[in-house]
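Number of protein chains: 2
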Amino acid sequence: MKRISFFLLAVAILAGIVAYMPHASGQSDGDSSPIYGVKIPAGYRDWKLIAVNNLLIPGKVDQLRGQFGNDIAIKAYKEGTLPFPDGATIVAIHWNRVPSEFNNKVLDPAFPGAQSLVVASRMNIQIMVKDSKKYAATGGWGFADFTGEKPGDKALHETCFPCHIPAKDHDYVFAHYSP
Amino acid sequence: MKRISFFLLAVAILAGIVAYMPHASGQSDGDSSPIYGVKIPAGYRDWKLIAVNNLLIPGKVDQLRGQFGNDIAIKAYKEGTLPFPDGATIVAIHWNRVPSEFNNKVLDPAFPGAQSLVVASRMNIQIMVKDSKKYAATGGWGFADFTGEKPGDKALHETCFPCHIPAKDHDYVFAHYSP
Chain B
1 MKRISFFLLA VAILAGIVAY MPHASGQSDG DSSPIYGVKI PAGYRDWKLI
51 AVNNLLIPGK VDQLRGQFGN DIAIKAYKEG TLPFPDGATI VAIHWNRVPS
101 EFNNKVLDPA FPGAQSLVVA SRMNIQIMVK DSKKYAATGG WGFADFTGEK
151 PGDKALHETC FPCHIPAKDH DYVFAHYSP
Chain U
1 MKRISFFLLA VAILAGIVAY MPHASGQSDG DSSPIYGVKI PAGYRDWKLI
51 AVNNLLIPGK VDQLRGQFGN DIAIKAYKEG TLPFPDGATI VAIHWNRVPS
101 EFNNKVLDPA FPGAQSLVVA SRMNIQIMVK DSKKYAATGG WGFADFTGEK
151 PGDKALHETC FPCHIPAKDH DYVFAHYSP
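Just so you know, the sequences run in chain order B and U. Counting from 1, one number per residue, gives the positions in the first sequence under our numbering. Counting from 1, one number per residue, gives the positions in the second sequence under our numbering.
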């Protein structure tokens with residue numbers, strides 16, 4: 001019995017160390033986010049669309065955004081399952097919103113003053129991965145923010161969870177399904 | 001030989017009648033568009049996303065839009081194939097763009113004046129189906145505009161192709177792939 005207890009204790013300690021490791025390092029290993037160790041999931045641009053939205057922060061941000069879900073996330077959205085099950089992954093692409101000179105020119109005769117705004121380059125992507133045990137301290141979510149292939153720094157990633165706390169009633173996820 | 005010629009003539013006439021039928025009636029049969037006879041394709045909300053954009057027509061329209069492609073359309077976009085091959089289908093969902101009171105409230109302390117704009121109800125959907133023979137007179141595209149399950153009238157559908165003519169260099173399709 002003692003031996004089993006010691007074994008379980010050792011496993012628990014090891015699990016604790018492993019779970020803590022990404023926090024302890026606080027550094028990206030190049031292709032994963034600091035704190036959380038989240039990588040860019042393969043093929044996410046082809047995932048199903050959750051929602052589209054537009055964020056304007058005066059003088060700072062003018063973005064068209066699309067959130068994409070893997071099959072676990074999409075199923076949860078469609079069935080209204082909260083909290084999201086482990087394995088649910090959401091990737092938000094943030095594109096800069098710019099006027100389309102071409103569209104505006106051809107639309108204007110029919111609709112004076114028409115403004116067609118389209119996406120230009122990507123600004124960044126943000127990722128949420130659900131693992132209720134691994135990320136228990138942050139609502140069960142691991143976060144990542146990448147610009148191109150490069151994850152943001154630790155200071156940036158320390159802002160992810162606090163920013164998402166107001167969305168607690170929707171399991172910390174701001175995006176609702178666009179019908 | 002005469003018999004074969006007559007047979008071919010009969011086939012050609014019949015084909016002509018069948019091809020012309022949707023034009024001749026000019027009426028929707030309830031679940032397909034007038035002029036073109038295009039129906040809502042099953043499952044399109046789960047298709048891959050082509051692009052997101054935002055259309056503002058002062059006093060008339062404020063929409064977030066998403067274009068979805070079937071596999072033929074997505075392949076053509078990714079490979080830069082123009083014109084789009086027969087069978088390519090694009091569905092654009094037009095949602096009304098509205099401020100998110102919830103998001104704005106929680107964002108404002110960190111980003112004063114922040115405006116999060118999200119989708120409300122759908123306004124309509126628009127569909128383009130490529131069939132270079134059937135729709136030869138309209139750039140190879142059949143068009144449809146549905147509000148809910150109901151197709152718009154003939155007068156509305158008469159505006160589809162003329163509106164798309166300026167996008168001729170992109171095979172009459174305005175939407176470019178959002179990277």
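Derived by calculation from the structure, the hints in this document are not laboratory data. Keep in mind that the hints are not guaranteed to be accurate.
[Said to hold, decoys possible] Below, simulated DSS-like cross-link-like pairs (lysine-lysine); rule was C-alpha separation at most 27 Å, straight line: (1) Lys-48/B with Lys-134/U; (2) Lys-168/B with Lys-105/U; (3) Lys-48/U with Lys-150/B; (4) Lys-133/U with Lys-154/U; (5) Lys-60/B with Lys-105/U; (6) Lys-39/B with Lys-168/U; (7) Lys-75/B with Lys-75/U; (8) Lys-78/U with Lys-39/B; (9) Lys-39/U with Lys-48/B; (10) Lys-78/U with Lys-39/U; (11) Lys-134/B with Lys-75/B; (12) Lys-78/B with Lys-150/U; (13) Lys-133/U with Lys-75/U; (14) Lys-48/B with Lys-48/U; (15) Lys-78/U with Lys-168/U; (16) Lys-75/B with Lys-168/B; (17) Lys-168/U with Lys-75/U; (18) Lys-39/B with Lys-75/B; (19) Lys-154/U with Lys-48/B; (20) Lys-78/B with Lys-133/U; (21) Lys-75/B with Lys-48/U; (22) Lys-75/B with Lys-154/B; (23) Lys-78/B with Lys-48/U; (24) Lys-78/U with Lys-133/U; (25) Lys-105/B with Lys-60/U; (26) Lys-78/U with Lys-150/B; (27) Lys-48/U with Lys-105/U; (28) Lys-60/B with Lys-78/B; (29) Lys-105/B with Lys-168/U; (30) Lys-133/U with Lys-48/B.
All values reported here derive from a predicted model rather than from experimental measurement.
Worksheet entry | Index of numbered hints that the structure contradicts, given in increasing order | Violated hints: 1, 6, 19, 20, 22, 27, 28, 30; rest satisfied.
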